[in-house]
Amino acid sequence: MFFVIAVIVLIFVVIFQIAKASEYVSILKGEEVSRRQNNRINGFLMIAFLVLGLIGVWYCNELYYDKTLLPYRSAIVEGELVDQMLWWTLIITGVVFILTQILLFWFAFKYQESDNRKAVFFPHNTKLEIIWTVIPAIFLTVLVVIGLRNWFKFTGDAPDNALRIEVTGKQFSWMFRYPGKDGEFGKKYFRLIDPAGGNQLGQIWRDTTIQVKNSRGGSREMTFKADTSNYNDIFSPQIMYVPKGKPVKLIINAMDVVHNVGLPHFRLKMDAVPGTPTTLWFTPQATTAEMRERTGNPNFNYEIACDQMCGNGHYTMKGTVVVVEENEFKIWLAMQKPAYYTAFPDLDPTKKTVNDTTAKPAAGQTVALKP
Amino acid sequence: MSNEAVLHSHDVHSHDDHHGHHHHESFISKYVFSQDHKMIAKQFLITGMVWAILGGLMSVLFRFQLGYPDAEFTWMKDLLGKWVNDKGQITAESYYSLVTIHGTVLVFFVLTAGLSGTFANLLIPLQVGARDMASPFLNMLSYWFFLAASLVMLSSLFVETGPFSGGWTAYPPLSALASAQPGSGTGMDLWLIAMALFVVSSLLGGLNYIATILNMRTKGMSMTRMPLTIWALFFTAILGVLSFPVLLSGFILLIFDRNYGTSFYLSDIFITANNVGALPNEGGNAILYQHLFWFLGHPEVYIIILPAMGMVSEVLSVNSRKPIFGYMAMVGSLFAITILAFLVWAHHMFVTGLNPFLGAFFVLLTLLIAVPSAIKVFNWLTTIWRGSIRFTPAMLFAIGFVSLFISGGLTGIWLGNSALDIHLHDTYFVVAHFHIVMGVAGIFGMFCGIYHWYPKMYGRYLNNTLGYIHFWVTLAGAYLIFWPMHYSGLAGMPRRYYDYAQWESFKQFGDLNKFITIVAMIVFAVQLLFLFNFFYSIWKGRKVRSQNPWGATTLEWTTPINPGHGNWPGEIPEVHRWAYDYGKDGQEFIPQTTPVGSNETNHH
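Residue numbers (the working numbering), protein chains in the order written: chain V, 161 to 531; chain L, 783 to 1386.
Note that these hints are calculated values from the structure, not bench results.
Idealized CB from N, CA, C, for every residue including glycine.
Accuracy of the hints is not assured; some may be wrong.
[Stated by the list, open to error] Restraint-style ranges between C-beta atoms, simulated for each label pair: (1) L:V1378 to V:V294: 26 to 36 Å; (2) V:L223 to L:G1059: 43 to 53 Å; (3) V:V305 to L:E854: 19 to 29 Å.
[Said to hold, decoys possible] For lysine-lysine, the following DSS-like pairs were computed, each having C-alpha atoms within a straight-line distance of at most 25 Å: (4) V:K341 to V:K287; (5) L:K1289 to V:K189; (6) L:K1289 to V:K478; (7) L:K1366 to L:K1001; (8) V:K227 to L:K1296.
[To be verified] Covered by chain L, per the in silico footprint, the following chain V stretches (three or more residues, Cβ under 8 Å): (9) 189-200; (10) 239-249; (11) 280-294; (12) 363-369; (13) 419-431; (14) 471-483.
My request is simple: use the sequences and hints to build the entire structure.
See below:
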């Protein structure tokens, strides 16, 4: 450690001595001469930086292109629009980037101070300025039009036949609820959340009266009537099963702080805000198994990454989306036991036939559905 | 009195006895509680530099974690104590604190106070021809509020539960609830106090800048004769004065939610950790804070970049020995950016569940900013075209600024489009975008200003060779650090993650993270070189021997080499022309104080 520091200090001292010496030399040579010399060196470095920089841009692309999502088709139908838009934007901004950077560094090199040339007095030119106001405006209009068309598609209403899944983020995991056979989510209330009692979401299972304290120390009574459509709602922690080829609509909630359902392979994300539900919909077009084949990675999974800073465990807040064929999905759904019956096994009419572990789809079960 | 008379009535070289012309100044009144705008500028600059080094060091520390998540730097334990675990790794909690404080201090303390605080103070009176600010006393208070904010922020690093760690944007409920994150306890109280003090400082400064520019211009200095630096600082001040109060109101509501049981931002919250359970708050909306925050937060990025643009315009013109191209278009585009800056804040919130129809307007207005930005870039390019360029270190940083502004600005067209933002939001693509266009470009603008006006500040030059090394390593380093991040962003890699090891989708960038960390350390070391150059040259640098070392037209170069309080020993010079008569009618340059000759061509 001290050795490293000593070496760094030594390098600093050497650089400093060189810098000081070069300053004395430049004073001896005179301001004019040393300025010319500095101009030549920096002018050359300008063009060198341009060339090396453009090579670097190409080389960086060689190294990392395959590690991005660009080589793989979007895993949802709607995501294709994101990719298409991305390529159009890349082409337009890429051309502008290369042209302007070349002009900048080339001008800097070419128009360095010289005895043969004087600076041109060229304070303005209305025609030129109109040209470079109008042309960017036209290209931007094109991008805005494509962008808004896609945006309204993503944020528009989901098709009527969409499978609805409720997503809830909490520090630092994800929970999913399926509406069950009746197709309705039962009502819930955050004060009824009771992780120890198996009621992770605060579903209103029974007629209940609770005392609610306010921040001034007083309290009031709240009464709830059991919502029977809760009885068949299915609860799945961490893993969300969805069928391929069918639209899926997420209704997104948060229990504590703001989270974000980030779905990189779907090219989508949406915040989870406590107290204010949001929605997101998509149509999966590649199963997990297909993506494993396509990426050549047997461990591939569609990961849900929390994309909104949510606390010290933010980086561990991972969920998994398992996209399966529709018939597999039906089998999976049929095997699930509603959370209500897990919490109150005595009330379960089918308790003799269903294996108790199904309420929590463990990793083993996930694998069972894989081809 | 004409400029000639000013020049010849005083010996410009005898600066040592010059302070004696003015009232007696003790050490305290000259260096500490100074009301001289030039000294206040230096105070802002040096405090900003201290924060830049601290903030930069923080980034090196959290880059350690990202580059070497498994390494065991046990020596760090000795330096950082409980911030490092027994294995010699920065803990997740301290990682998030470092990221948060790095963001806060660089955005506000370095690139706002350090940049516009320094150069608005230094340049406004000097370039418009005023003896000082409209209110030197409020100006002094502006610095002292900033210093108070700095000290409170600094103290938050040492509290038991750690400094605030919920990201520089401080979104509630995370920032409101100590039960959700330890850093949201005392650390957040101190963060809020520091930020409130900072807003006061910024408002005192901003009002002063506006009043000075509008009321205290010297004879002949019409608005359209002002250098672009002054226009840029003027619009910056307007942005700050109109948007910082909104941020403060957002903070006040947050303070109420935190301490007095209100529910402005809080609703339906159940905290699992430590069996806290359901909170009493109902009916609030967490997104409200984001609106209030970004109503400042977006203008803030222009508060950072406009002064840099102004200084870069000036330096490009001086060192190309050519007038700035399209002066009125430059002023117009600054104006357009200022107006649009207030109308685009929700593009930070496309994925919050914002009404998509409303989002559409923010897409349109956001992409509209690309038009004035494009005008500025093309005008800068035309300014150096067919010029006679002198590569002073300031000029290099100005060229570097344009390059970075292009690179980072173009990715703004990606992120401003909600249909792409829905994919790229909060990934490393965003980190690359804003670091290039706001962070590094802003810092480049600051360096450009420091190298260019250092002779005016200290009467000495910075060492050129060190300046060249500083520039080239920093430019190359900035691109090496941030360019590849676009690729991890295109893989969807989220920002603000402590460790990517468990993520099948993102762990392929381990080598890249190492590479970036190494480059970041080198770039940081070179900034130390600059710091050394800065302080060494204050006392030992080459002395400035000519009053106008860069051959510039503007008024600050008509003052003595070491101007005292009041700037001009005689009368304030009168202005007869705009600030950009370079190479006109075969003359190298014509200072603003030279009357228009009878046979001079008229270009307007």
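Each hint, compared with the structure:
1. L:V1378 to V:V294: 26 to 36 Å: 34 Å, holds
2. V:L223 to L:G1059: 43 to 53 Å: 49 Å, holds
3. V:V305 to L:E854: 19 to 29 Å: The hint (19 to 29 Å, Cβ to Cβ) is violated, given that V305 (chain V) and E854 (chain L) are roughly 54 Å apart.
4. V:K341 to V:K287: Not satisfied, since the Cα-Cα distance of roughly 68 Å exceeds 25 Å.
5. L:K1289 to V:K189: 55 Å, violated
6. L:K1289 to V:K478: Judged against 25 Å, a Cα distance of about 14 Å means the pair holds.
7. L:K1366 to L:K1001: 23 Å, holds
8. V:K227 to L:K1296: 16 Å, holds
9. 189-200: Holds, because 3 residues of the region 189-200 of chain V bring their Cβ atoms closer than 8 Å to Cβ atoms of chain L.
10. 239-249: holds (count 6)
11. 280-294: holds (count 10)
12. 363-369: With 0 residues close enough to chain L, the hint is violated.
13. 419-431: holds (count 9)
14. 471-483: As far as the region 471-483 of chain V goes, the hint holds, because 7 residues have Cβ atoms under 8 Å from chain L.
In terms of the numbered hints stated before, the structure departs from hints 3, 4, 5 and 12, listed from lowest to highest.
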